[in-house]
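Two chains, each in its own frame: build the complex with the hints.
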Amino acid sequence: MFDYMKKNKALAVIGGLVLTAVVAVPVMAQRDPAYAAARSAGKIGEKPDGYLGYVTSPSPAIKALVEDINIKRKAAYTRKAQETNSTVEQFAFTSGCNLIMRTAPGEKYQTPAGTWNTRDASDPVRDSRCP
Amino acid sequence: MMLYQTSQLTDRSDDAIRSNMRNLTTVGLILGALTGLSACVQVTAPDKPIVINLNINIKQEVVYRLDGDAKDLINEEADIF
Numbered sequence: 000m001f002d003y004m005k006k007n008k009a010l011a012v013i014g015g016l017v018l019t020a021v022v023a024v025p026v027m028a029q030r031d032p033a034y035a036a037a038r039s040a041g042k043i044g045e046k047p048d049g050y051l052g053y054v055t056s057p058s059p060a061i062k063a064l065v066e067d068i069n070i071k072r073k074a075a076y077t078r079k080a081q082e083t084n085s086t087v088e089q090f091a092f093t094s095g096c097n098l099i100m101r102t103a104p105g106e107k108y109q110t111p112a113g114t115w116n117t118r119d120a121s122d123p124v125r126d127s128r129c130p
Numbered sequence: 000m001m002l003y004q005t006s007q008l009t010d011r012s013d014d015a016i017r018s019n020m021r022n023l024t025t026v027g028l029i030l031g032a033l034t035g036l037s038a039c040v041q042v043t044a045p046d047k048p049i050v051i052n053l054n055i056n057i058k059q060e061v062v063y064r065l066d067g068d069a070k071d072l073i074n075e076e077a078d079i080f
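In the order they appear, the protein sequences are chains A and B.
According to numbering that gives the first Met the number 0, the first sequence is numbered sequentially starting from 0.
According to numbering that gives the first Met the number 0, the second sequence is numbered sequentially starting from 0.
Accuracy of the hints is not assured; some may be wrong.
[Stated by the list, open to error] A few chain B residues that don't get close to chain A, going by computed Cβ distances all over 10 Å:
id: 1; residue: 14
id: 2; residue: 22
id: 3; residue: 39
id: 4; residue: 41
id: 5; residue: 43
id: 6; residue: 47
id: 7; residue: 48
id: 8; residue: 56
id: 9; residue: 57
id: 10; residue: 62
id: 11; residue: 66
[To be verified] Below, simulated DSS-like cross-link-like pairs (lysine-lysine); rule was C-alpha separation at most 30 Å, straight line:
id: 12; chain 1: A; residue 1: 73; chain 2: B; residue 2: 58
id: 13; chain 1: A; residue 1: 42; chain 2: A; residue 2: 73
id: 14; chain 1: B; residue 1: 70; chain 2: A; residue 2: 71
id: 15; chain 1: B; residue 1: 70; chain 2: A; residue 2: 73
id: 16; chain 1: A; residue 1: 42; chain 2: A; residue 2: 71
id: 17; chain 1: A; residue 1: 62; chain 2: B; residue 2: 70
id: 18; chain 1: A; residue 1: 73; chain 2: A; residue 2: 62
id: 19; chain 1: B; residue 1: 58; chain 2: B; residue 2: 47
id: 20; chain 1: A; residue 1: 42; chain 2: B; residue 2: 70
id: 21; chain 1: B; residue 1: 58; chain 2: B; residue 2: 70
id: 22; chain 1: A; residue 1: 71; chain 2: B; residue 2: 58
[Unchecked claim] If you want a taste of the chain A side facing chain B, the calculated C-beta under 8 Å gives, among others:
id: 23; residue: 72
id: 24; residue: 73
id: 25; residue: 96
Don't read these hints as lab results, they were simulated from the structure.
Note that this is a predicted model, so its numbers are computed, not measured.
Ideal Cβ placement from N, Cα and C applies to all residues, glycine included.
Here chain B stands alone, though its shape is the one from the complex (with noise of 0.2 Å):
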């Protein structure tokens, strides 16, 4: 690796300075981008369909609350229970 004292640096042309300065960021982009690859997750698809039980919109609770009313209706209209 080049080491530059800052004097060989500020004594150069802009064009240089400027060169040396892309070439650091090329290396940083691609070290970047090279770190990034490897820290991808990998997903990989299910093998079994997704099943979406729309039961969980009843809660316990909810079951318990509606109980009496529930049993109430069954007494009431016991011919089509």
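Just chain A, same shape as in the assembly (with noise of 0.2 Å):
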């Protein structure tokens, strides 16, 4: 009896394991190192419509992973519209919003005016719409 236990209660504790790896994989998946360097290189930016934008001139491998990444946001942004009763334009901005105040200090947003700034310690400089 407390043999049976004792095998049950490893079981549970591998299947646990199992499941916690299964789970945590889609949820830790993180940026592509590309993506991440040309940010944190400021060369790519937030801008407050939703998408990233080009601070320099893009070289094509950046142009590349910029126009994919924006195209699987919109398709994105469009489920997520469908699911709240609202335009593609509309949850797009608002992720916008969400996207230039999670921005690391030294990355790069868009103003509103459309001038490119440099996160600092401070807050963005963000659309008077943003909650």
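Written out as structure tokens, the structure is:
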């Protein structure tokens, strides 16, 4: 009886670990290293409309990378806009507010006036409609 | 200005009355046209291009409503944000 329980407990622990690993993988999905590098180098930045923009003239590799991400973003915005009964532009704009807020110091973001600013410790310059 | 007494107007032949009426109508029309012209609103074309701001469709209340869902999405698909 005791042995049986012990064995079950061990199985449960293993099962739990496997489950954690399976669940954790999608959540842990992180930025592509090339994307992360271009961001922190200030070559690309976050725009108020919810998409990535070029701060400097992009290399073909960076152009392809940004276009790929922006297409995926638009797909995600479109899906969420349908779920929330809003337009793609509205959802993208709201995301842009958040994405600019989340930029790390040193990263670039575009102000409502269109200029590229480098994020520092202070709050970023955002559209007056941002929460 | 000529003043007529009723008898003077009615004693005349139909043609004379019509002629007088026609003259009065003409004067009225000309006066009306002049008044209309002087009351014209002058519209000048703007020297700057007309810009229509499409962002007008995004209202602050909508942004506030979507904020939670936007945060969820950014956390769920961290690889593209």
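For this session: Take a quick look at whether residue 62 (chain A) and residue 70 (chain B) sit within 30 Å of each other, Cα to Cα.
Result: holds, 26 Å
Exercise. Regarding the hint that residue 96 (chain A) lies at the interface with chain B, is the smallest CB-CB distance below 8 Å?
Worked result: holds, 7 Å
For this session: Say whether it holds or is violated: residue 62 (chain B) keeps its Cβ farther than 10 Å from all Cβ of chain A.
Result: violated, 5 Å
For this session: Would you check the hint for residue 58 (chain B) and residue 47 (chain B), treating anything up to 30 Å between C-alpha atoms as holding?
Result: holds, 26 Å
Problem set entry | Hint consistency between residue 42 (chain A) and residue 71 (chain A) [alpha-carbon to alpha-carbon, up to 30 Å] | holds, 20 Å
Problem set entry | Pair hint residue 42 (chain A) and residue 70 (chain B), alpha-carbon separation not exceeding 30 Å | Holds, at about 25 Å.
Exercise. For residue 48 (chain B), is the shortest beta carbon distance to chain A beyond 10 Å?
Worked result: holds, 17 Å
Exercise. Does residue 39 (chain B) really sit off the interface, with its C-beta more than 10 Å from all C-beta atoms of chain A?
Worked result: For residue 39 (chain B), whose nearest Cβ neighbour in chain A is about 40 Å away, the distance exceeds 10 Å, so it holds.
Exercise. Minimum Cβ separation between residue 66 (chain B) and chain A greater than 10 Å?
Worked result: violated, 5 Å
For this session: May I ask you to check that residue 22 (chain B) keeps its beta-carbon over 10 Å from the closest beta-carbon of chain A?
Result: holds, 65 Å
Exercise. Is the straight-line distance between the alpha-carbon of residue 58 (chain B) and that of residue 70 (chain B) 30 Å or less?
Worked result: With a Cα-Cα distance of about 18 Å, the restraint between residue 58 (chain B) and residue 70 (chain B) holds, given a limit of 30 Å.
Problem set entry | Assertion that residue 41 (chain B) lies outside the chain A interface [Cβ separation over 10 Å] | Given a closest Cβ separation of 35 Å, the condition holds.
Violated hints for the displayed structure, listed by number in ascending order: 8, 9, 10, 11 and 24.
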